[in-house]
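Use these hints to put chain B onto chain A, whose structure you have.
Protein chains: 2
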Amino acid sequence: MKILVTGAAGMIGRKLVERLSRDGTLGGKPIESMTLVDVVDSPVPEGAPPSRPIVCDFADKGVAETLIAERPDVIFHLAAIVSGDAEANFEKGYRVNFNGSWSLLEAVRLEGQKEPYKPRFVFASTLAVFGPPFPESIPDDFAPTPSTSYGTQKAMIELMLADYSRKGFVDGVGVRLPTICIRPGKPNKAASSFFSGILREPLNGMEANLPVGDDVRHWFASPRAAVGFFITAATIDTAPLGVRRSMTMPGVSATVGEEIEALRKAAGDAAVARIKRVDDPFVAQIVKGWAGRYDAKAARDLGFTAERNFGEIIKVYQEDEMA
Amino acid sequence: MKILVTGAAGMIGRKLVERLSRDGTLGGKPIESMTLVDVVDSPVPEGAPPSRPIVCDFADKGVAETLIAERPDVIFHLAAIVSGDAEANFEKGYRVNFNGSWSLLEAVRLEGQKEPYKPRFVFASTLAVFGPPFPESIPDDFAPTPSTSYGTQKAMIELMLADYSRKGFVDGVGVRLPTICIRPGKPNKAASSFFSGILREPLNGMEANLPVGDDVRHWFASPRAAVGFFITAATIDTAPLGVRRSMTMPGVSATVGEEIEALRKAAGDAAVARIKRVDDPFVAQIVKGWAGRYDAKAARDLGFTAERNFGEIIKVYQEDEMA
Numbered sequence: 001m002k003i004l005v006t007g008a009a010g011m012i013g014r015k016l017v018e019r020l021s022r023d024g025t026l027g028g029k030p031i032e033s034m035t036l037v038d039v040v041d042s043p044v045p046e047g048a049p050p051s052r053p054i055v056c057d058f059a060d061k062g063v064a065e066t067l068i069a070e071r072p073d074v075i076f077h078l079a080a081i082v083s084g085d086a087e088a089n090f091e092k093g094y095r096v097n098f099n100g101s102w103s104l105l106e107a108v109r110l111e112g113q114k115e116p117y118k119p120r121f122v123f124a125s126t127l128a129v130f131g132p133p134f135p136e137s138i139p140d141d142f143a144p145t146p147s148t149s150y151g152t153q154k155a156m157i158e159l160m161l162a163d164y165s166r167k168g169f170v171d172g173v174g175v176r177l178p179t180i181c182i183r184p185g186k187p188n189k190a191a192s193s194f195f196s197g198i199l200r201e202p203l204n205g206m207e208a209n210l211p212v213g214d215d216v217r218h219w220f221a222s223p224r225a226a227v228g229f230f231i232t233a234a235t236i237d238t239a240p241l242g243v244r245r246s247m248t249m250p251g252v253s254a255t256v257g258e259e260i261e262a263l264r265k266a267a268g269d270a271a272v273a274r275i276k277r278v279d280d281p282f283v284a285q286i287v288k289g290w291a292g293r294y295d296a297k298a299a300r301d302l303g304f305t306a307e308r309n310f311g312e313i314i315k316v317y318q319e320d321e322m323a
Numbered sequence: 324m325k326i327l328v329t330g331a332a333g334m335i336g337r338k339l340v341e342r343l344s345r346d347g348t349l350g351g352k353p354i355e356s357m358t359l360v361d362v363v364d365s366p367v368p369e370g371a372p373p374s375r376p377i378v379c380d381f382a383d384k385g386v387a388e389t390l391i392a393e394r395p396d397v398i399f400h401l402a403a404i405v406s407g408d409a410e411a412n413f414e415k416g417y418r419v420n421f422n423g424s425w426s427l428l429e430a431v432r433l434e435g436q437k438e439p440y441k442p443r444f445v446f447a448s449t450l451a452v453f454g455p456p457f458p459e460s461i462p463d464d465f466a467p468t469p470s471t472s473y474g475t476q477k478a479m480i481e482l483m484l485a486d487y488s489r490k491g492f493v494d495g496v497g498v499r500l501p502t503i504c505i506r507p508g509k510p511n512k513a514a515s516s517f518f519s520g521i522l523r524e525p526l527n528g529m530e531a532n533l534p535v536g537d538d539v540r541h542w543f544a545s546p547r548a549a550v551g552f553f554i555t556a557a558t559i560d561t562a563p564l565g566v567r568r569s570m571t572m573p574g575v576s577a578t579v580g581e582e583i584e585a586l587r588k589a590a591g592d593a594a595v596a597r598i599k600r601v602d603d604p605f606v607a608q609i610v611k612g613w614a615g616r617y618d619a620k621a622a623r624d625l626g627f628t629a630e631r632n633f634g635e636i637i638k639v640y641q642e643d644e645m646a
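As you go down the protein sequences, you meet chains A and B in turn.
For reference, each letter of the first sequence is one residue, going 1 to 323 in this note's numbering.
For reference, each letter of the second sequence is one residue, going 324 to 646 in this note's numbering.
Pulled out of the complex, with its shape left as it was, chain A reads as follows (with noise of 0.2 Å):
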């Protein structure tokens, strides 16, 4: 089978090839090739399947219709500027996210008119689909309504996943990924870096500032976890979703007193001592149009898992990125 990532450089891109290339293997066929994609190089793991980098921004005209000419039996669709960037850059959002992505769906359309095709296309979504006001715990149905125009362009493209699904041009696949937690490397500008940062700083012997209080809740998953979430996107039987094909993905419902309660059984009081109290009322602002709790019924149902508490986030992190 042949596979096409974009976004196969970013920090998810990268791990999801990793696994692939170690698997050799997806739902039980070989692959037999993959095409990686994004705007820097993607590196190409030992031992991989024979593998193509090819660096372009897949919204760039043609570049999706040459892309999908090569028909990959399952595309895994990662590639999208941030929050921030789509926030700042209205235009260049709805360009990458938007009209971006439906190029690929479009491409995927028109390639089948040729001859029958109709590839698995699983679509990294995220949990900014959702806006406040939230209910303690956010079911399955629960409308979208973004507070970000990146919210807006995934919940649009969510849409159409749907819709070109329905139609049978492809069989697509959303998944709204939780916020990911250890994130690995080094601290970012995103309001959300600090989730990853009281936990891996520490671990490594280095001091992390926490901008926010303890009670802050929020919903999370491991790296791993979310390439198991694209791995059983790309496998599971479609037949059962209709077309609600974009959901939720589990995760552990965590406040950051439970972080640092998780973190003081894995590494001891020093490591807690680490964390420097600097309170930021910015993220906190920001932070606080998140929510903590999703029901996640439907995925779980599919057999999309994550962990079960941070002992197991912690874990993961230091199995994977410690060892």
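Please note that a few of the clues may not be correct.
[Claimed, not checked] DSS-like mimics (lysine-lysine), calculated; alpha carbons at most 25 Å apart, straight line:
| no. | chain 1 | residue 1 | chain 2 | residue 2 |
| --- | --- | --- | --- | --- |
| 1 | B | Lys-384 | A | Lys-92 |
| 2 | A | Lys-92 | B | Lys-441 |
| 3 | B | Lys-325 | B | Lys-490 |
[Stated by the list, open to error] Here are a few chain B residues that face chain A, going by a calculated C-beta distance under 8 Å:
| no. | residue |
| --- | --- |
| 4 | Ala-478 |
| 5 | Met-483 |
| 6 | Thr-558 |
| 7 | Thr-561 |
| 8 | Pro-563 |
| 9 | Arg-567 |
If you're looking for bench data, these hints aren't it; they were derived computationally from the structure.
From the three backbone atoms N, C-alpha and C, an ideal C-beta is built for every residue, glycine too.
Coordinates of chain B only, in the frame set by chain A:
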């Protein structure tokens, strides 16, 4: 104030223009001019403010910019291709209902870059944004999972309308119309045609076919109420809406059996005897995918009003169409 109406020759469009002409004002401000756009000639009612009917496809290249260059204060965007057409002609549906509507929003945004401009943008949406399975009564925060391309295109524009409003480019309100009953005129090929037909034809001494059972429940409002929704949408304070710009309109939840009893009360047994039961499993199957009841709480709280029962809906028809 200057008003632009797209779809001004349609059944609701004409009634909206008649109402605006009769009122001479909107939200207490005198109407200075009306631009009436449709693919066929839009009638200009007697005594209307200075009005210019334009025969064109609003979705054609350059049309949106030309219409918006006049800087209308209120835009009633009713034009669309209907559900069956959008379903049969996939590309046309997206071109007109989605890209056409987006081009209007974009024209407004770009006009505002020349000189501050933020018109009220009233968008005719649809309950077809929702798809089964349905709860007993559909809450305002129920997720749109459309069963048609038409519903998908409308749901996508709802998302954009919210995002463009959040960014301050337009001041949008989306109006999800109930099934309009009693439609004046002749039966048409819409699957919903019989809901009006079994009242309209008997009231006019003619026979009508009933293709479904008495227990089929649906959500209705009169053409007069629909016009009222658009006027309300053009004049409410939108500050409380936040990003929840599109709302399900209030209506009457009634079964076919209740429709028939209202007809009996209004026009007697002789009228009811003109309804012929001719089962149509094809129509019954389509209608099974429609919901029977909506909370419509947000809209009611903001002052949107519809009829309270089918007796009132019949009375509106008698007053507006038979007098």
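Okay, the hints, checked on the actual structure:
This hinted pair checks out: Lys-384(B) and Lys-92(A) have alpha carbons roughly 21 Å apart, not beyond 25 Å. Using a Cα cut-off of 25 Å, the hinted pair Lys-92(A) and Lys-441(B) holds, with the two alpha carbons roughly 22 Å apart. Restraint check for Lys-325(B) and Lys-490(B): satisfied, since their Cα atoms lie roughly 23 Å apart, inside the 25 Å limit. Evaluation of the Ala-478(B) hint against chain A yields a held restraint, the C-beta minimum of about 5 Å falling below 8 Å.
A least Cβ separation of about 7 Å between Met-483(B) and chain A falls short of the 8 Å threshold, and the interface hint therefore holds. With its C-beta approaching chain A no nearer than about 23 Å, Thr-558(B) sits outside the 8 Å limit, and its interface hint is violated. Taken as an interface hint, Thr-561(B) does not check out: its beta carbon lies about 15 Å from the nearest beta carbon of chain A, beyond 8 Å. The beta carbon of Pro-563(B) comes no nearer than 12 Å to any beta carbon in chain A, farther than 8 Å, and the hint placing it at the interface is violated.
This hint holds: Arg-567(B) has a C-beta 5 Å from the nearest C-beta of chain A, less than the 8 Å allowed.
Going through the hint list in order, the structure does not satisfy hints 6, 7 and 8.
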